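Visitor: For the record, in the sequence shown the residue sitting at position 72 is 91 according to the working numbering, with numbers rising by one throughout.
These are computed hints drawn from the structure, not numbers from a lab.
Because the structure is a prediction, the values reported are computed rather than measured.
Be aware that one or more of the hints could be misleading.
With a Cα cut of at most 25 Å, we get these calculated DSS-like pairs of lysine-lysine [claimed, not checked]:
1. K82 to K146
2. K165 to K54
3. K54 to K82
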Amino acid sequence: MKRKPLIFISAGIPIALALIAAANTGKVRGEPSMKQSVVLTVNARDFLIDLEENTSAAAFREKLPMTFRMNELNGNEKYFDLKTELPADASGPGNIKCGDLMLYGSSTVVLFYQDFSSSYRYTRLGKVRNPDGLREALGDGNPTVKFCVEQENPGK
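Could you put the whole structure together from the sequences, leaning on the hints where they help?
Guide: Right, here's the structure in full:
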């Protein structure tokens, strides 16, 4: 039996490990990510939200559909306190963008409708794909909003 030189065998190990890792994550380098989406409906307007790929966003999605009244805060965000906690992994985002959907603490869902800098810590849940008109749709008060999984939205 003829043996292959050790150099070829050792070169194959990193490739094999990379393929095993890709199989375990369900991703192959260069393959586009399949982001989960939800629909936010506010005042008869729909906004598509791309969820983050984290345990917090997955737990949020599992609670959908949900309809609730969001409260105004600071002239740049709307928030709602969930009855149960979500897993959290907060970090300081620094800059908040219009359309960011975040978790404050472990049970407060926050939707930002204005760009600004912040030193607070949040867990990212998602981002409104096209936030044009979000501020106007949310209005100045405490709007009732609906979050649902994209396929569950009857108008889509």
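Visitor: Indicate, hint by hint, whether the structure satisfies it.
Guide: For each hint, the structure was consulted:
Between K82 and K146 the alpha-carbon distance is near 18 Å, which keeps this suggested pair within the 25 Å criterion. With a C-alpha separation of about 20 Å, the suggested pair K165 and K54 falls inside the 25 Å cut-off, and the hint holds. Among the hinted pairs, K54 with K82 is consistent with the structure: their alpha-carbon atoms are about 17 Å apart, no more than 25 Å.
Of the numbered hints listed earlier, not one is contradicted by the structure.
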